[in-house]
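Make the full structure from the sequences, and use the hints.
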Amino acid sequence: MSAVLKAMEARFEPLTAQHLDAVMRVEQQAYAHPWSHGNFIDTLASGYEAQLLMAGDTLLGYFVAMKGVDEVHLLNITVAPDYQRQGWARVMLDALAIWAKGQGAAWLWLEVRVGNLRAMEVYESQGFRRVGLRKNYYPAVQGQREDAIVMNLRL
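In this text, residue positions in the sequence shown follow this note's numbering: the first is 1, and each later residue adds one.
By construction, these hints were calculated from the structure, which means they are not laboratory data. From a predicted model like this one, the values you see are computed outputs, not experimental measurements. Glycine included, C-beta positions come from ideal geometry on N, C-alpha and C. There could be a bad hint or two in this list.
Listed next, with one range per pair, are the computed distances between beta-carbon atoms [as the list claims (entries may be wrong)]:
#1 E9 x L133: 22 to 30 angstroms
#2 R11 x G143: 39 to 47 angstroms
#3 Q18 x L133: 36 to 44 angstroms
#4 A95 x M24: 19 to 27 angstroms
#5 E9 x G68: 28 to 36 angstroms
#6 Q18 x V114: 32 to 40 angstroms
#7 H37 x G127: 12 to 20 angstroms
#8 Q126 x D70: 16 to 24 angstroms
#9 R25 x G104: 31 to 39 angstroms
#10 G143 x R90: 17 to 25 angstroms
#11 G104 x E13: 22 to 30 angstroms
#12 N136 x A45: 24 to 32 angstroms
#13 E9 x E121: 23 to 31 angstroms
#14 D82 x Q126: 21 to 29 angstroms
The structure is reproduced here in structure tokens:
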């Protein structure tokens, strides 16, 4: 059974190198093809917006986003498996939208695996719309590739 936390207990804090062990544990639990430790190091070195969603000492999730000229591109958003289906992805998407607007962005962009129907449902419930397809974008099982749906949100 997954643990349930109250929204008032949650807070955001910047992702730093000190958090990488915990982030990597969640990343590896959540995905068949997780980001590498090096991907997160590169994120920090590049100065991307990277936030943790915490409740006490518990890592609920995190997101990484890259700012462009008038847009923000969501690169990774992950809810720890024990806390999925509790609305935390929506909390992070709301926080990302607020940050992006503050940066002068007019759009949020993302890619999602064509097979990740649950994530697409969350994105669409937040106002994202499907605008394109990237063929063979993601690694998949046995050396195969999986297409990505491109989605955007007008801020």
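Hints and how they fare:
1. E9 x L133: 22 to 30 angstroms: violated (39 angstroms)
2. R11 x G143: 39 to 47 angstroms: holds (41 angstroms)
3. Q18 x L133: 36 to 44 angstroms: holds (38 angstroms)
4. A95 x M24: 19 to 27 angstroms: Check passed, 22 angstroms falls within 19 to 27 angstroms.
5. E9 x G68: 28 to 36 angstroms: Holds, since E9 and G68 (Cβ atoms, about 33 angstroms apart) stay within the stated range.
6. Q18 x V114: 32 to 40 angstroms: The hinted range 32 to 40 angstroms holds for Q18 and V114, with Cβ atoms some 35 angstroms apart.
7. H37 x G127: 12 to 20 angstroms: Given a distance of about 33 angstroms, which is not inside 12 to 20 angstroms, the answer is violated.
8. Q126 x D70: 16 to 24 angstroms: holds (20 angstroms)
9. R25 x G104: 31 to 39 angstroms: holds (35 angstroms)
10. G143 x R90: 17 to 25 angstroms: violated (34 angstroms)
11. G104 x E13: 22 to 30 angstroms: holds (24 angstroms)
12. N136 x A45: 24 to 32 angstroms: holds (28 angstroms)
13. E9 x E121: 23 to 31 angstroms: holds (26 angstroms)
14. D82 x Q126: 21 to 29 angstroms: holds (22 angstroms)
Checked against the numbered hints given earlier, this structure breaks hints 1, 7, 10; the rest are met.
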